[in-house]
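There are 2 protein chains.
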Amino acid sequence: MNLIKIFSPATIANISCGFDVLGLCLDSIGDKMIIRKTKKKGVIISKIVGQILPLETNKNVAGVAALALLKKVDIGFGFDIEIHKNIKPGSGIGSSAASAAGAVFGINKLLGAPFSLQELIPFAMEGEKLASGTAHADNVAPALLGGFTLIRSYNPLDVIKIESPNELYATVIHPQIEIKTADARAVIKQKISLQKTIIQTGNLGGLICGLFTNDYNLIGRSLHDEIVEPYRSLLIPKFDNLKKESLKAGALGSGISGSGPSVFALCKGKKIAKIVGKVMAKTYEKTGIDFDIHISKINTKGIKIIQ
Amino acid sequence: MNLIKIFSPATIANISCGFDVLGLCLDSIGDKMIIRKTKKKGVIISKIVGQILPLETNKNVAGVAALALLKKVDIGFGFDIEIHKNIKPGSGIGSSAASAAGAVFGINKLLGAPFSLQELIPFAMEGEKLASGTAHADNVAPALLGGFTLIRSYNPLDVIKIESPNELYATVIHPQIEIKTADARAVIKQKISLQKTIIQTGNLGGLICGLFTNDYNLIGRSLHDEIVEPYRSLLIPKFDNLKKESLKAGALGSGISGSGPSVFALCKGKKIAKIVGKVMAKTYEKTGIDFDIHISKINTKGIKIIQ
Numbered sequence: 020m021n022l023i024k025i026f027s028p029a030t031i032a033n034i035s036c037g038f039d040v041l042g043l044c045l046d047s048i049g050d051k052m053i054i055r056k057t058k059k060k061g062v063i064i065s066k067i068v069g070q071i072l073p074l075e076t077n078k079n080v081a082g083v084a085a086l087a088l089l090k091k092v093d094i095g096f097g098f099d100i101e102i103h104k105n106i107k108p109g110s111g112i113g114s115s116a117a118s119a120a121g122a123v124f125g126i127n128k129l130l131g132a133p134f135s136l137q138e139l140i141p142f143a144m145e146g147e148k149l150a151s152g153t154a155h156a157d158n159v160a161p162a163l164l165g166g167f168t169l170i171r172s173y174n175p176l177d178v179i180k181i182e183s184p185n186e187l188y189a190t191v192i193h194p195q196i197e198i199k200t201a202d203a204r205a206v207i208k209q210k211i212s213l214q215k216t217i218i219q220t221g222n223l224g225g226l227i228c229g230l231f232t233n234d235y236n237l238i239g240r241s242l243h244d245e246i247v248e249p250y251r252s253l254l255i256p257k258f259d260n261l262k263k264e265s266l267k268a269g270a271l272g273s274g275i276s277g278s279g280p281s282v283f284a285l286c287k288g289k290k291i292a293k294i295v296g297k298v299m300a301k302t303y304e305k306t307g308i309d310f311d312i313h314i315s316k317i318n319t320k321g322i323k324i325i326q
Numbered sequence: 020m021n022l023i024k025i026f027s028p029a030t031i032a033n034i035s036c037g038f039d040v041l042g043l044c045l046d047s048i049g050d051k052m053i054i055r056k057t058k059k060k061g062v063i064i065s066k067i068v069g070q071i072l073p074l075e076t077n078k079n080v081a082g083v084a085a086l087a088l089l090k091k092v093d094i095g096f097g098f099d100i101e102i103h104k105n106i107k108p109g110s111g112i113g114s115s116a117a118s119a120a121g122a123v124f125g126i127n128k129l130l131g132a133p134f135s136l137q138e139l140i141p142f143a144m145e146g147e148k149l150a151s152g153t154a155h156a157d158n159v160a161p162a163l164l165g166g167f168t169l170i171r172s173y174n175p176l177d178v179i180k181i182e183s184p185n186e187l188y189a190t191v192i193h194p195q196i197e198i199k200t201a202d203a204r205a206v207i208k209q210k211i212s213l214q215k216t217i218i219q220t221g222n223l224g225g226l227i228c229g230l231f232t233n234d235y236n237l238i239g240r241s242l243h244d245e246i247v248e249p250y251r252s253l254l255i256p257k258f259d260n261l262k263k264e265s266l267k268a269g270a271l272g273s274g275i276s277g278s279g280p281s282v283f284a285l286c287k288g289k290k291i292a293k294i295v296g297k298v299m300a301k302t303y304e305k306t307g308i309d310f311d312i313h314i315s316k317i318n319t320k321g322i323k324i325i326q
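Chains as they are written, first to last, in my numbering: chain A, 20 to 326; chain B, 20 to 326.
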């Protein structure tokens with residue numbers, strides 16, 4: 020095999036009570052990537068369609084992730100990466116993660132899969148480090164593994180995949196505004212009351228129990244975040260309305276995707292997910308801010324090979 | 020049915036990363052209670068064997084819990100409660116919870132079970148309120164439901180039962196010293212760093228995943244608490260040695276039971292649980308402090324009716 024075409028999905032990190040530990044994989048939105056073996060050693064990014072992003076290998080998240088992988092193998096050839104971006108950078112649904120995870124997934128396949136999906140996570144994290152300054156795993160892990168992923172620990176890295184209930188859908192609105200990473204970080208309180216820590220662990224536990232037992236109501240009851248959302252949501256226009264209207268329309272729960280500006284709602288079934296998409300759109304139409312809406316089943320497989 | 024004899028088990032609350040949200044039910048240690056219908060309305064505590072505890076109904080945790088239940092039913096008779104205490108008060112393995120939960124469980128049965136086990140929790144919590152000043156549920160819930168219990172929320176009360184992996188055992192050492200509740204509370208920090216909150220949620224999530232997937236190693240890796248244990252353990256002589264030796268002997272993990280002084284270890288299989296009991300005993304024999312050791316499978320049923 021000298022060429023591979025893949026679909027590398029968008030992802031939602033944080034998921035309310037799962038701040039910095041949970042992520043999930045989407046299905047209806049993602050980048051297409053074509054990776055080819057080249058005679059020349061090393062990695063080149065030959066083409067990026069749909070977004071203006073750096074083509075220099077060591078300034079591109081896919082390039083950096085690919086190089087991290089190639090450091091661990093001894094081969095006499097290289098790779099060419101072509102990226103068709105559908106996920107907008109800065110949207111909060113794992114744009115950089117899709118590129119980084121896709122690159123290492125594709126190269127690994129072309130090498131005959133010397134690494135497990137779990138083993139690819141640290142390579143993809145190097146791409147995240149380039150993108151945001153921290154080598155976080157909460158988008159690359161669900162992109163690679165599919166379903167929900169829990170990062171139990173970073174030191175050592177310990178990622179656990181959790182299967183998604185079959186009827187679980189996510190509706191995502193991406194308001195096309197830019198939230199500066201510095202602002203998203205600055206609003207977070209660095210000291211939390213013990214009481215809120217307890218509430219957060221209770222909800223995170225409830226959410227995981229709900230996922231294992233297909234208890235949609237429990238998933239909904241657990242989708243709360245008193246630690247980050249109250250502050251970060253201030254940076255997202257109409258966040259409270261989006262959430263209130265989504266819940267009224269039947270969503271199980273709603274929160275900030277990643278560090279925003281995207282806002283997600285989890286829903287039982289496609290029908291409700293679509294209705295939630297409509298009320299989200301209606302809420303945003305009044306603002307004059309451009310937005311995209313994505314409605315997606317939870318992707319249980321992660322990155323897929325396209326024929 | 021005019022009389023019921025029950026076994027009301029000891030329980031472990033907190034369980035490392037599950038501070039204030041998790042509890043589990045033991046099997047090899049618990050109180051025996053005999054509850055009889057009486058012609059006279061109200062509740063009397065006729066006999067307590069094994070410990071010196073108040074017989075006045077409204078000063079006894081079993082009495083107070085029973086009265087809370089009886090407020091919700093309209094009956095023309097009353098109950099007599101006899102308690103044979105095997106769980107020492109102040110041991111940190113749910114002595115008051117066993118009495119309170121046992122009382123409401125037994126009375127409910129004698130009434131033809133008008134309440135579900137979940138519905139009995141708030142009544143039993145009234146006993147805990149008398150015992151410790153706060154109506155906590157993390158011992159009464161596992162005593163009533165068995166297995167592991169997660170308190171997702173207190174407001175409203177939302178308790179989720181989690182089944183225990185089949186080979187999971189607990190070894191508990193109860194050093195016979197008194198830790199004053201005021202001291203156990205005073206050492207806890209009321210402000211937690213965001214980083215530690217994230218670590219706690221990651222471990223709590225990992226522990227719950229491990230319970231659902233029977234992944235004993237994951238359970239072990241998740242049994243960490245950076246929030247309370249580092250401070251409360253200072254009140255328990257030789258805590259660090261107990262933990263170190265337990266892990267060396269094969270325990271999956273170890274922590275403080277409730278607010279101490281008991282220390283627990285979770286183990287895969289009875290054989291390892293017994294070895295851990297021996298090394299705990301050996302560690303404590305040098306101290307001159309009296310102690311009990313309990314080795315127990317996780318009790319998946321909770322309170323049991325004795326024939």
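No wet-lab data here; the hints were simulated from the structure. Since this is a predicted model, take the numbers as computed values, not measurements. Glycine included, every Cβ here is placed at the ideal spot set by N, Cα and C. Hints are not guaranteed to be accurate.
For each label pair, taking beta carbons as the anchor points, the in silico distance ranges come out as [as the list claims (entries may be wrong)]:
hint, chain 1, residue 1, chain 2, residue 2, range
1, A, G288, B, G131, 36 to 46 Å
2, A, P175, B, G307, 35 to 45 Å
3, B, R204, A, E197, 39 to 49 Å
4, A, K289, B, Q137, 28 to 38 Å
5, A, G152, B, K267, 51 to 61 Å
6, A, A132, B, A205, 32 to 42 Å
7, B, Y250, A, E245, 22 to 32 Å
8, B, A205, A, K289, 31 to 41 Å
9, A, T200, B, E304, 52 to 62 Å
If you want the ones that stay clear, here's a sample from chain A, every Cβ over 10 Å from chain B, calculated [to be verified]:
hint, residue
10, D39
11, I53
12, R55
13, E101
14, G152
15, R171
16, S172
17, K215
18, S241
Below, computed lysine-lysine pairings styled on DSSO-like, alpha-carbon distance capped at 27 Å [to be verified]:
hint, chain 1, residue 1, chain 2, residue 2
19, A, K301, A, K323
20, A, K215, B, K199
21, B, K208, A, K208
22, B, K287, A, K180
Hints, one by one, checked against the model:
Roughly 39 Å separates the CB atoms of G288 of chain A and G131 of chain B, a value that falls within the hinted 36 to 46 Å. At about 40 Å, the CB distance of P175 of chain A to G307 of chain B agrees with the hint of 35 to 45 Å. In this structure the hint that R204 of chain B and E197 of chain A lie 39 to 49 Å apart at CB holds, the actual value being about 46 Å. Between K289 of chain A and Q137 of chain B the CB atoms are about 32 Å apart, so this pair conforms to the stated range of 28 to 38 Å.
The hinted range of 51 to 61 Å is not satisfied by G152 of chain A and K267 of chain B, whose Cβ atoms lie roughly 40 Å apart. Between A132 of chain A and A205 of chain B the beta carbons are some 55 Å apart, a value that contradicts the proposed interval 32 to 42 Å. For Y250 of chain B and E245 of chain A, the Cβ-Cβ distance of about 23 Å falls inside the hinted range of 22 to 32 Å, so the restraint holds. Restraint check, A205 of chain B to K289 of chain A: a C-beta distance of roughly 53 Å breaks the suggested window 31 to 41 Å.
Remark: the range hint 52 to 62 Å for T200 of chain A to E304 of chain B is upheld by a beta-carbon distance near 57 Å. Look at D39 of chain A: its CB is around 5 Å from the nearest CB on chain B, not clear of 10 Å, so calling it non-interface is violated. With a least CB separation of 36 Å from chain B, I53 of chain A remains clear of the 10 Å interface cut-off, as annotated. No beta-carbon of chain B is positioned within 10 Å of the beta-carbon of R55 of chain A; the least distance is around 38 Å.
No beta-carbon of chain B comes within 10 Å of the beta-carbon of E101 of chain A; the shortest separation is about 36 Å. Interface exclusion of G152 of chain A from chain B stands, the closest Cβ pair being 16 Å apart, more than 10 Å. At roughly 4 Å, the least C-beta separation between R171 of chain A and chain B is not larger than 10 Å, which violates its mark as non-interface. At roughly 6 Å from the closest C-beta of chain B, the C-beta of S172 of chain A falls inside 10 Å, breaking its exclusion from the interface.
Here K215 of chain A does not stay apart from chain B, with its beta-carbon only about 8 Å from theirs, under the 10 Å limit. For S241 of chain A, the condition that its CB be more than 10 Å from all CB atoms of chain B is violated, with the nearest at approximately 6 Å. For a cut-off of 27 Å, the pair hint linking K301 of chain A to K323 of chain A is broken: about 33 Å separates their Cα positions. Annotation: proposed proximity of K215 of chain A to K199 of chain B holds, straight-line Cα distance about 25 Å (limit 27 Å).
With a C-alpha separation of about 17 Å, the suggested pair K208 of chain B and K208 of chain A falls inside the 27 Å cut-off, and the hint holds. Our distance criterion of 27 Å between C-alpha atoms is met by K287 of chain B and K180 of chain A, whose separation comes to about 23 Å.
When held up to the earlier numbered hints, the structure conflicts with 5, 6, 8, 10, 15, 16, 17, 18 and 19 and fits the remainder.
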